[in-house]
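**Student:** Hey, can you work out the whole structure from these sequences and the hints?
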Amino acid sequence: MGTLTLDAISRRYATTVAVERVDLDVAQGEFVALLGPSGCGKTTTLRMVAGFVPPSSGRILIAGRDVTKAPPHGRDTGMVFQSYALFPHMTVGENVAFGLEMRKVARAERDARVREALRLARLEGLADRLPRQLSGGQQQRVALARALVVNPAVFLLDEPLSNLDAKLRAEVRIEIRALQQRLGLTTLFVTHDQEEALTMADRLVVMERGRVRQIGTAEALYERPADAFVAGFIGRCNLLRGTPEAPGRFRTPGGALLPCLPQQAHHGQVLALRPERIAVATAGDGLAARLVAVTYLGAQTEYHLDLAGTRLLAIAPTPAEGDPRRALAPGDAVLALWDPAEARLLPAEPGDLPDDAT
Amino acid sequence: MAGSRLQRAAFGVAVTGAYGLILAPVLAVIVISVFSQEIVSFPPQSLSLAWYANAWEKREFARGFATSLQLALVATAIGVPLGTAAALALSRARLGGVRGALNTLLLGPLAVPGVVAGTALYLFYVRAEFWVDDDIKGTFPGLVAAHVLLTIPWTVRLVAASLQGLDRAAEEAAANLGARPFTVFRRITLPMLRPGVVAACLFSFIQSFENLELTLLLVGPGRTTLPVAMLNYLEFRVDPTLAAVATVQIALVGALMLITDRFVSLSRVV
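For the protein sequence lines, the chains are A and B, in the order given.
First residue of the first sequence: 1, per my numbering; consecutive thereafter.
First residue of the second sequence: 1, per my numbering; consecutive thereafter.
Rather than coming from a laboratory, the hints here were simulated on the basis of the structure.
A quick note: this is a predicted structure, and the numbers were derived from the prediction, not measured.
One should not assume that every hint holds.
Unchecked claim - Only some residues are given here: those of chain B computed to face chain A with a beta carbon under 8 Å:
{"hint": "1", "residue": "163"}
{"hint": "2", "residue": "167"}
{"hint": "3", "residue": "169"}
{"hint": "4", "residue": "170"}
{"hint": "5", "residue": "172"}
{"hint": "6", "residue": "175"}
{"hint": "7", "residue": "176"}
{"hint": "8", "residue": "178"}
{"hint": "9", "residue": "179"}
{"hint": "10", "residue": "180"}
{"hint": "11", "residue": "188"}
{"hint": "12", "residue": "191"}
As the list claims (entries may be wrong) - Distance windows between CB atoms, simulated:
{"hint": "13", "chain 1": "A", "residue 1": "89", "chain 2": "B", "residue 2": "12", "range": "36 to 44 Å"}
{"hint": "14", "chain 1": "B", "residue 1": "94", "chain 2": "A", "residue 2": "57", "range": "18 to 26 Å"}
{"hint": "15", "chain 1": "B", "residue 1": "100", "chain 2": "A", "residue 2": "129", "range": "39 to 47 Å"}
{"hint": "16", "chain 1": "B", "residue 1": "186", "chain 2": "A", "residue 2": "28", "range": "29 to 37 Å"}
{"hint": "17", "chain 1": "A", "residue 1": "128", "chain 2": "B", "residue 2": "104", "range": "40 to 48 Å"}
{"hint": "18", "chain 1": "B", "residue 1": "93", "chain 2": "A", "residue 2": "132", "range": "28 to 36 Å"}
{"hint": "19", "chain 1": "A", "residue 1": "74", "chain 2": "B", "residue 2": "97", "range": "52 to 60 Å"}
{"hint": "20", "chain 1": "A", "residue 1": "38", "chain 2": "B", "residue 2": "141", "range": "52 to 60 Å"}
{"hint": "21", "chain 1": "B", "residue 1": "186", "chain 2": "A", "residue 2": "129", "range": "20 to 28 Å"}
{"hint": "22", "chain 1": "B", "residue 1": "101", "chain 2": "A", "residue 2": "57", "range": "33 to 41 Å"}
{"hint": "23", "chain 1": "A", "residue 1": "89", "chain 2": "B", "residue 2": "14", "range": "33 to 41 Å"}
A virtual CB, placed ideally from N, CA and C, is assigned to each residue, including glycine.
**Tutor:** Here's what the structure looks like:
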């Protein structure tokens, strides 16, 4: 086990930049997820760590050792591939034993470690099967066992859950996390599924078009996104274009003046406001809005509001029966209220907002 | 329903017809080989294995069979590794613009008529004999070199097809687990290519074993392949001896295909 350090690694191709100066420190035993839309460079980053893609510049350190120029077989990483990449002509036992064989581990110890790995992966009794005789979930666990049995310094996972059905995915998610914590594995995990990243990782790295947009815990990314892209990518968020006027005041194109966090007026041009932080009321304080649509979702209700031409989504626990808000219908006048501290100004790049034409 | 039944019947007739057309000559050869009379006519006067005995007595057939067998084995043993290496280079090496040209060159022998290639090789051998000051045409090495030419396009095609379906991630996984490049090739790539390589061996062997046109000008006295021996015999006699020899050939190739199919399912690679 060891630490992993990416020091300004980049990967450039003739006409495109796949990864642009990524810096990252993964501590011993930490689980870090690389998260982003497809083509954001997260898989290229992982493949650079594994040694399959040479970085154009920058350094990679595993357990303090510079492995930037080391071949894949000299890096001591354990990788689980999206396709599992099991050896089709070898049994489950031979697949799992392969890494130990390459490390010239003696026969008796090898057998013992393979047995233990198969037990951990709940594959007892399947050692003599061929991969094609296993279910998708079992194949996935063979890939896990094969990568873990060698005690790699760094554990690499490339979208390992994307080929499983939804129910199995939720189970395996918990299993991998439990195994990772029990064995204290330093782990780098690639996914495009934010829920997967939020539930499994200690820290998340949000990437977009080859660059790191923000690194932080799930809570930090959700509560204090660095820019409009992160705010929109992690969870749901109202992202409003307009102009910051006085500190704490944001002018929408329709002319409405929205309260926001005052000290940030120069930080950006986009107002980010989480839908569940907006209260919808029929009387009292708040900004006048018109209800465009109401979606009842059981525990929650979504309110689509029109505030002087600006669309706003509010999500609230469904009010109790008898509450006047239960009777709200499209076209009704309502009041929208939020704590100004919840409305943050964020910088935005072209393409960061869903309605940007890019 | 009636329409679909009619369609199915028509399909059945077409399939049966096609198979009949393909297999009829083969069956005819086998049947004729046991007719007792010299001039083939139907119905046979009686059935006998006399022509097989006759073929056995004519030593040129036995010698031709031995030469063809040796030639096919050696040509396969040389051509398949070369063709496999070529297929790997075609799909993996950085070849840039020459990839297309190389591909055409390697598949070329399939497109050139055998007689043309044979003539060209003959002329080339005559010229080359001056350079090396030794015999090439009519020698076993000369024949092997020519037959390797036959095996390469088949090997390149079959192995390239296998390579296309190969999961590169398995090779990466092996490297990730600590295998050096040659170990990856030996333990992962080659076993995964096995169906293609086995099929390449089979087809190379058959191509070499049954080749007549390319070989015709290159054989020497006392070093004749079976197809050439059969053609020579045909120049003087027409009797079912040839059918008997052909039946043995068919049996050998058929047996090879059955044996191969037990190791790799041929329908999967061809």
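**Student:** All hints are to be evaluated individually against the structure, with a verdict given for each.
**Tutor:** Against the structure, the hints come out as follows:
1. 163: violated (15 Å)
2. 167: Result: holds, 6 Å to nearest chain A Cβ.
3. 169: Constraint on residue 169/B satisfied, holds at 4 Å.
4. 170: holds (5 Å)
5. 172: holds (6 Å)
6. 175: holds (4 Å)
7. 176: holds (5 Å)
8. 178: Holds: closest Cβ of chain A sits about 4 Å from residue 178/B, inside 8 Å.
9. 179: With a minimum Cβ separation of about 5 Å from chain A (threshold 8 Å), the hint on residue 179/B holds.
10. 180: Residue 180/B check passes; min Cβ-Cβ to chain A is 6 Å, inside 8 Å.
11. 188: With Cβ-Cβ at 6 Å, under 8 Å, it holds.
12. 191: Check passed: Cβ of residue 191/B comes within 4 Å of chain A, closer than 8 Å.
13. 89/A / 12/B: 36 to 44 Å: Since residue 89/A and residue 12/B have Cβ atoms about 39 Å apart, the given range 36 to 44 Å holds.
14. 94/B / 57/A: 18 to 26 Å: Holds, since residue 94/B and residue 57/A (Cβ atoms, about 22 Å apart) stay within the stated range.
15. 100/B / 129/A: 39 to 47 Å: 43 Å Cβ-Cβ, so the 39 to 47 Å window holds.
16. 186/B / 28/A: 29 to 37 Å: holds (36 Å)
17. 128/A / 104/B: 40 to 48 Å: Holds, at about 46 Å.
18. 93/B / 132/A: 28 to 36 Å: holds (30 Å)
19. 74/A / 97/B: 52 to 60 Å: About 34 Å separates the Cβ atoms of residue 74/A and residue 97/B, which means 52 to 60 Å is violated.
20. 38/A / 141/B: 52 to 60 Å: Hint holds: Cβ distance 57 Å, inside 52 to 60 Å.
21. 186/B / 129/A: 20 to 28 Å: Hint holds: Cβ distance 24 Å, inside 20 to 28 Å.
22. 101/B / 57/A: 33 to 41 Å: 36 Å Cβ-Cβ, so the 33 to 41 Å window holds.
23. 89/A / 14/B: 33 to 41 Å: holds (39 Å)
When each numbered hint is compared with the structure, violations occur for hints 1 and 19.
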